[in-house]
Amino acid sequence: MLSFTQVLEFTGTFAFAISGIRLASAKQFDWFGAFVVGLVVAIGGGTLRNVLLDVTTFWMADPIYFICTALALFWVILFGNYLIHLNNTFFIFDSLGLALFTVVGITKTLDLGYPFWVAIIMGSMTGSAGGVIRDILINEIPLIFRKEIYAMACVIGGVIYWILHYTGVDSTWVNLISGGSILLTRILAVRFQIGLPVLKGENF
Amino acid sequence: MLSFTQVLEFTGTFAFAISGIRLASAKQFDWFGAFVVGLVVAIGGGTLRNVLLDVTTFWMADPIYFICTALALFWVILFGNYLIHLNNTFFIFDSLGLALFTVVGITKTLDLGYPFWVAIIMGSMTGSAGGVIRDILINEIPLIFRKEIYAMACVIGGVIYWILHYTGVDSTWVNLISGGSILLTRILAVRFQIGLPVLKGENF
Amino acid sequence: MLSFTQVLEFTGTFAFAISGIRLASAKQFDWFGAFVVGLVVAIGGGTLRNVLLDVTTFWMADPIYFICTALALFWVILFGNYLIHLNNTFFIFDSLGLALFTVVGITKTLDLGYPFWVAIIMGSMTGSAGGVIRDILINEIPLIFRKEIYAMACVIGGVIYWILHYTGVDSTWVNLISGGSILLTRILAVRFQIGLPVLKGENF
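Protein chains in written order, with our numbering: chain A, 2 to 205; chain B, 2 to 205; chain C, 2 to 205.
Hints listed in this document are in silico derivations from the structure and should not be mistaken for laboratory results. Some clues are possibly wrong.
Copies of the same chain look alike in the list, so a pair counts if it works inside one copy or between any two.
Unchecked claim - Here are the computed lysine-lysine pairs in the DSS-like style, where the Cα-Cα straight-line distance is at most 30 Å:
| no. | residue 1 | residue 2 |
| --- | --- | --- |
| 1 | K28 | K148 |
| 2 | K109 | K201 |
| 3 | K28 | K109 |
| 4 | K148 | K109 |
| 5 | K148 | K201 |
Small disclaimer: the values here were computed from a predicted structure and weren't measured.
Chain A extracted, bound-state conformation:
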């Protein structure tokens, strides 16, 4: 039977893949290109974490990420136009994915014995690096460097994880509260268009 985390992970992977496939679609990519971009959003962040932590790449043990991305591609091919009306739904799924992937990344890094500041970086990378690689592949400046708070939501969630962990809160609650804070930060940031200050663009 599927656990709650597996359902969340599948949902997050699907939403991440959709985000990649939609952007690839706007650039007239073919099915293969769209599949690759969707896959990269879904597994890119975790893969980068695995490579940097020098552990086995997680997706080689389970074809679920490929199946999930293929389903996302079929979805877009079949219901492309209809997707426009689901924008808000996908935004929620995407934010759920961000929260879940970050918490998973933090936990896995801590399990390997790394200090907390490394875990927060790895968690944020798990959640947001896939989107950066996506933007590189479609030849755009990465969105997360200029728009509403995205990776900073992961960092905030990571710091909350840290505090709760050291105050002895049960790990289930640590996961739920830190994940929830990422979700909430992201939703508030987009709802009220909250971004970090932008550097003055002088050509110095």
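Add chains B and C to chain A, keeping to what the hints say.
Structure of chains B and C alone, referenced to chain A:
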């Protein structure tokens, strides 16, 4: 004495390097930049495979890939204009390289004990990821995401490898037939401009 | 107490981070984006070396690189305009960083038992790959492929390292002389706008 595989590998590396150097040349790269782009096409895919499989990077054991890329650079510097007339020749070499690199990538991944679906992905990556990194370096949208069938030829060859392997065909024949099918698919795709369907580019 | 090398490393990291933050600033990145780009210039080359050599990523053992990049970001936020007048100062620091990172990269690769040609490649990568990743992130063609001699200065310094090492020169002097030659080559290249020949940009 050189084996047949070594001759093929040298030819493929040379053709891949030429493809990178030519594109770098169209962007007014200097000799160093062209060398790096040529090298990346030649060894990028295999390096990515090695990093993901967590084995030693192959080119550190043998400077042949650097020597081969340097020769390709000298070739372009000396005979740049003449290359135009060799377009078809290079296309064949490039397709030979694609076929060989893919088959090598599949075999090496299987030797490490990974399942077949991972081997097919790694094989396709070995053959085609170098071209993706090349396009990122010259700041273009990767060609293989939009044009004639390229990476899909590797996937087709990989599936044929799989079927032949499980029906107990001798490994030499598995290599030759799956490699040949990649070569043939690629040639037919370019000859008849066969591509995958393109996603409708709505800005949804 | 800080060693001389540590002071140099801090200075180089700071200058590399500033170079990334300035370019991110010209592209209207927010503080987070600028931090990431600055960090990538500072640690990208060494991280790539670590991944290819399959050793633990160096910056996970010490948060100094993150602190140093944060300081560089605060510096640019506070004194952005004033930086224009410091162009030459930063150029010197940046070149010092290039020389130091390259020599460190060569030494660490040799310590792992790799041959000299691999060490020179890894040293050059340590010094210059961060700038390439930076340019990919800000969606520009990498500067070092088209402008004054940059990575070739690392190669020259690497060859000098090699010669001195085999003639039995003391390792302190090997480091100083090869590092100095990188610094000198880079300064002369910029002062006299010395570049490598550019490939003729025919669309062949």
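Each hint tested on the structure:
| no. | hint | in the structure |
| --- | --- | --- |
| 1 | K28 / K148 | both (20 Å within a copy, 13 Å between copies) |
| 2 | K109 / K201 | neither (38 Å within a copy, 39 Å between copies) |
| 3 | K28 / K109 | neither (35 Å within a copy, 35 Å between copies) |
| 4 | K148 / K109 | within (28 Å within a copy, 39 Å between copies) |
| 5 | K148 / K201 | both (15 Å within a copy, 26 Å between copies) |
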